[in-house]
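Novice: Counting from 1, one number per residue, gives the positions in the sequence shown under UniProt numbering.
Calculated from the structure, these hints are not laboratory results.
Please read all numbers here as calculations on a predicted model, not as lab measurements.
Honestly, I wouldn't trust all of these hints.
[Unchecked claim] Beta-carbon label-pair distances, calculated as ranges:
(1) Glu119 with Leu79: 40 to 46 Å
(2) Ala137 with Ile157: 27 to 33 Å
(3) Glu91 with Ala129: 53 to 59 Å
(4) Lys152 with Met179: 38 to 44 Å
(5) Ala125 with Gln160: 51 to 57 Å
(6) Glu84 with Ala125: 47 to 53 Å
[Said to hold, decoys possible] Below 27 Å or equal to it, Euclidean Cα-Cα: the simulated DSSO-like pairs (lysine-lysine) are:
(7) Lys142 with Lys152
(8) Lys118 with Lys133
(9) Lys144 with Lys133
(10) Lys167 with Lys152
Glycine included, C-beta positions come from ideal geometry on N, C-alpha and C.
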Amino acid sequence: MSTNSPSRAQGPIIPAQQALEFIPPDTSQNSAPKENGTTRRRSARESKEQKEENDEESEPKETRSRRRKPKHEEPARELTLDEEIERLQKEMLMIDNETHPELLRLYDAYAKRRKLQKELEDVEAELEAAEQKRLEAEIEAKEKEATQESDKRASQIVEQLLNDYDKEIKKAEAYITNMDITKPQNDMPADSSKKTLRAPT
1 MSTNSPSRAQ
11 GPIIPAQQAL
21 EFIPPDTSQN
31 SAPKENGTTR
41 RRSARESKEQ
51 KEENDEESEP
61 KETRSRRRKP
71 KHEEPARELT
81 LDEEIERLQK
91 EMLMIDNETH
101 PELLRLYDAY
111 AKRRKLQKEL
121 EDVEAELEAA
131 EQKRLEAEIE
141 AKEKEATQES
151 DKRASQIVEQ
161 LLNDYDKEIK
171 KAEAYITNMD
181 ITKPQNDMPA
191 DSSKKTLRAP
201 T
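All chains, full assembly: derive it from the sequences and hints.
Specialist: Right, dumping it as structure tokens:
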């Protein structure tokens with residue numbers, strides 16, 4: 001007899017599928033915490049929702065309506081061809097009447113830009129006028145200073161010439177005075193009208 005064959009003491013062999021059917025459901029304490037945890041989470045969520053409802057009821061109607069948002073927003077409906085043409089015609093009419101919002105915005109932006117440009121041009125003109133005035137005043141001051149310097153230099157030259165002339169006059173007078181002092185008192189000039197007596201040779 002083979003050793004692998006079952007003995008009569010071991011009893012009859014039961015198929016695995018039938019054996020699983022005889023296993024009773026797990027009634028251990030491991031499933032209890034899961035059910036308790038799920039119950040606690042459900043209770044906490046319900047209490048939170050109840051609290052939010054109470055808070056909303058206590059708030060003013062305007063605040064409650066302002067906070068409340070629609071649950072489902074309707075998607076934007078696509079315009080048909082006729083509606084699109086009608087919309088474009090209305091926009092063209094507003095453009096012709098100069099009442100289109102975008103056109104008005106561009107006009108306003110252009111007006112603001114033009115005003116700013118005008119202010120910048122005015123400031124630039126004032127700066128140029130101030131610079132021109134400053135340059136003219138500077139040129140006038142330099143011309144006045146040059147004229148004063150020229151007059152002063154001319155006066156110095158004239159004064160120097162007069163001093164040199166006085167020195168030359170004084171030298172001439174001194175020379176004449178010296179000549180008069182050194183001249184002999186009895187020195188008479190020879191009479192050229194008389195004939196000189198000379199002895200015959």
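Novice: None of the hints should be skipped; say for each whether it holds.
Specialist: Status of the hints after comparison with the structure:
no. : hint                           : result
1   : Glu119 with Leu79: 40 to 46 Å  : holds (45 Å)
2   : Ala137 with Ile157: 27 to 33 Å : holds (30 Å)
3   : Glu91 with Ala129: 53 to 59 Å  : violated (48 Å)
4   : Lys152 with Met179: 38 to 44 Å : holds (41 Å)
5   : Ala125 with Gln160: 51 to 57 Å : holds (52 Å)
6   : Glu84 with Ala125: 47 to 53 Å  : holds (51 Å)
7   : Lys142 with Lys152             : holds (15 Å)
8   : Lys118 with Lys133             : holds (22 Å)
9   : Lys144 with Lys133             : holds (16 Å)
10  : Lys167 with Lys152             : holds (23 Å)
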